[in-house]
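2 protein chains.
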Amino acid sequence: MSLIVKKFGGSSVANAERVFNVARRIIDDYKKGNDIVVVVSAQGDTTDDLIAKAKEINPKNPSKREMDMLLASGEQISISLLAMAIETLGCPAVSLLGWQAGFETDSHHGISRIKRVNAERIKTEIAKKNIVIVAGFQGLNKYDDITTLGRGGSDTSAVAIAASMKADLCQIYTDVDGVYSADPRKVPNAIKMDEISYDEMLELASLGAQVLNNRSVEMAKKYNVELEVLSSLEVKPGTIVKETVKMEKTLIRGVAKDNNVATISIVGLQDTPGVAFKIFNKLAQYKVNVDIILQSVGRDGTKDITFSVPLDQGQIAVEAIEGMKEVLDFKSISLNDSISKVSIVGAGMESHPGIAAKMFEALYDAGINIHMISTSEIKISVLIDAKVADKAVSAVHDKFLG
Amino acid sequence: MSLIVKKFGGSSVANAERVFNVARRIIDDYKKGNDIVVVVSAQGDTTDDLIAKAKEINPKNPSKREMDMLLASGEQISISLLAMAIETLGCPAVSLLGWQAGFETDSHHGISRIKRVNAERIKTEIAKKNIVIVAGFQGLNKYDDITTLGRGGSDTSAVAIAASMKADLCQIYTDVDGVYSADPRKVPNAIKMDEISYDEMLELASLGAQVLNNRSVEMAKKYNVELEVLSSLEVKPGTIVKETVKMEKTLIRGVAKDNNVATISIVGLQDTPGVAFKIFNKLAQYKVNVDIILQSVGRDGTKDITFSVPLDQGQIAVEAIEGMKEVLDFKSISLNDSISKVSIVGAGMESHPGIAAKMFEALYDAGINIHMISTSEIKISVLIDAKVADKAVSAVHDKFLG
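Sequence order for the protein chains is A and B. When the letters of the first sequence are read in order and numbered with my numbering, they come out as residues 1 to 402. When the letters of the second sequence are read in order and numbered with my numbering, they come out as residues 1 to 402.
A few of these clues could be false.
Note: identical chains are not told apart, hence a pair may lie in one copy or across any two.
Cross-link-like lysine to any residue pairs, in silico, SDA-like; alpha carbons within 25 angstroms at most [to be verified]:
{"#": "1", "residue 1": "Lys55", "residue 2": "Leu233"}
{"#": "2", "residue 1": "Lys242", "residue 2": "Arg113"}
{"#": "3", "residue 1": "Lys60", "residue 2": "Ile27"}
{"#": "4", "residue 1": "Lys325", "residue 2": "Thr302"}
{"#": "5", "residue 1": "Lys129", "residue 2": "His108"}
{"#": "6", "residue 1": "Lys123", "residue 2": "His109"}
{"#": "7", "residue 1": "Lys128", "residue 2": "Asp144"}
{"#": "8", "residue 1": "Lys186", "residue 2": "Lys236"}
{"#": "9", "residue 1": "Lys129", "residue 2": "Ala54"}
{"#": "10", "residue 1": "Lys221", "residue 2": "Ser197"}
Read the hints as simulated data drawn from the structure, not as lab findings. Just so we're clear, the structure is a prediction, and the values are computed from it rather than from any experiment.
If we strip away everything but chain A, and leave its shape as in the complex, we get:
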């Protein structure tokens, strides 16, 4: 008998038929004698519909506290319907809102962090043999106000419960059946992994693989919660995410593509000390997340700096730099928003120096030009033109894993 936490996303409970599907999956494991806690997101497009309602009232700047109050109603609907469905199928269930389930958060409305999960109520309901259905994404701050964790927060809710209750397994149900070595819709011979380490998963998630929310993987790593990513539609094993993973013959875990990238080039900067500091300090003030930075020596005692930022922060970054014209002497600034980042990830990479060369060879063979390169212990990323990104992913994937 195990304690299993299961998380289902909004599309898994989008209508009555899917709610019953999810209910049956839950009941299968319950009837095997397991204790079950389920975390659910809001149904289908509910959150988007609620945001649209708020925009009708205030398109630009609705109160963050009231947004949380509004959005938290979405999970309230899905948890009650799922509990009803389970009861209709003959098993005992009880739904709990974030605050009832003991989610204590800080007060950063819209992007709250979980401080603690006081799981007493959940434990009481488990002891009564109830299947416990918890609203993901939401909690309560110290003023007794409703907070939300931000998009993707339900994954984090599930891991937080699993950590707090020392669950045996935390299953994240998605519309794919596991973690693949590349996007299986784009790369036909992508390989499903049986296991992957937290660190590898973190790199893949942040690189746009979009299987698991990054905060949830960080939390799972911190509290050593074993995760399983699996299909909400088919009954078959998924991919286990845990601390150490058995070595396989491939050194590369996966290839990921991220289109949410823009690059900014500042050309003809005076080559004097402090220029880079001034630029990136200003960008930090504007809360721009800079990823890869490249500095090159230009002509006539000038230099050029190119850096990448998330796509939606590109314009802000350009405006921030242009506003420094008086203190920063440069010739021109340009924004390129047709950029993709393609990355390979693998924990074995560090001890094998030939990996980067092999990746560049694959891109060269495919005729793809590399704009920028970045490496860490377990990944190598290149920035390339967005229009050849899918081709690049296939070429790199086939080179290592084909």
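Let chain A serve as the given structure and place chain B on it in line with the hints.
Leaving out everything else, chain B in the frame of chain A:
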């Protein structure tokens, strides 16, 4: 400076435009220096939409606890949108769910009674000069589970806050601009009343006038909360409901019609003791609400009993009686579901014995046949054919108030 509780129904906040209308009404009174607590129902058809969702899961018997969890999300949406709108218009506002506002109820899910309103949080927000927006219809039981008060419960929520905080006035905004001597859509010369007593309002509400929820009037009477029924669309005084009302020249307050009536006639009962007891005891077991009872002596040592019940309980009542054939000897039973109850209400009636005769005269002049009659200290009701009910209301209204 006064403390005013205001209640707005679902149609008053059905869309963004109406939410802003309500926000402006509230702000007008706030800017006069009043402390304002607002109780809101769920938007427009939200509650019906949520019920439809539950019926997709379980058409017959969804869990009552989970229904309350589900339905309570409706007000969560409307309170947050209204608070956003008030803030957008430049005034401070904060929304509170039933449990945050201190509504403690019993555990009868779907029809909970308010045990106590612990208004500490509301007082704290008022002290911060916030306009407080409270979710009507909902509370929390001693197990920390969400409960609802049943349809029309938001009126009761508003009165409960007014009672708990000793508010100066509790304003109930509706789609009519006050309480009329008859339905103004049917009776053109119906008179709007400036004032009406709690008892008169109770009789009118229970007789189908449908302006105020009965439980709210009972609670207002118990705690002596002054109510005002007024228009959510036009800015003008409504009708005040309070304990004692100045005598006016008219003895009759109003004429009400109730179509939710059926009559059942049991013909040819043995004229032996205990027959009535057996019948009405059985109906009580089936939770049928019997209103008017008429017993007449029949022929050959038999008697007939006719009684009225709510329309939707007619069939249940007939089946209950037919199931007694073995212990109850009667010739036939019939159901008449084309019946209306027309009533006149007025506190001055008791001391004026001619009132009933005047009502019957009006009906006689209009050629309307009376099936049954019932009287109390402040009302006289007759049951007549449904198809002549509007004609009867006009005739009686014009006789007394025309």
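Checked hints:
Proximity of Lys55 to Leu233 under the C-alpha cut-off of 25 angstroms is restricted to the inter-copy arrangement: shortest distance 24 angstroms between copies versus 34 angstroms within a copy. In the homo-oligomer, the alpha carbons of Lys242 and Arg113 lie at most 25 angstroms apart inside one protomer (23 angstroms), although the nearest pairing across protomers, at 50 angstroms, exceeds that limit. For the homomeric pair Lys60 and Ile27, the shortest alpha-carbon distance between copies (21 angstroms) is at most 25 angstroms, but the shortest distance inside one copy (44 angstroms) is not. Only within a single protomer do Lys325 and Thr302 lie at most 25 angstroms apart by alpha-carbon distance; the minimum there is 16 angstroms, versus 107 angstroms between protomers.
Taking identical chains as interchangeable, the C-alpha atoms of Lys129 and His108 lie at most 25 angstroms apart only when they sit on different chains, with a minimum of 22 angstroms there against 35 angstroms within one chain. In this assembly of identical chains, Lys123 and His109 lie within 25 angstroms of each other by CA distance solely across copies; the values are 23 angstroms between and 28 angstroms within a copy. Only between protomers do Lys128 and Asp144 lie at most 25 angstroms apart by alpha-carbon distance; the minimum there is 16 angstroms, versus 27 angstroms within a single protomer. Taking the shortest alpha-carbon separations for Lys186 and Lys236, only the intra-copy value of 22 angstroms comes in at or below 25 angstroms, while the best inter-copy value is 65 angstroms.
Taking CA atoms no more than 25 angstroms apart as the test, Lys129 paired with Ala54 passes between copies only; the shortest distance there is 24 angstroms, against 39 angstroms inside one copy. Taking the shortest Cα distances, Lys221 and Ser197 sit within 25 angstroms of each other inside one copy (9 angstroms), while across copies they are farther apart (67 angstroms).
Hint compliance for this structure: every hint is met.
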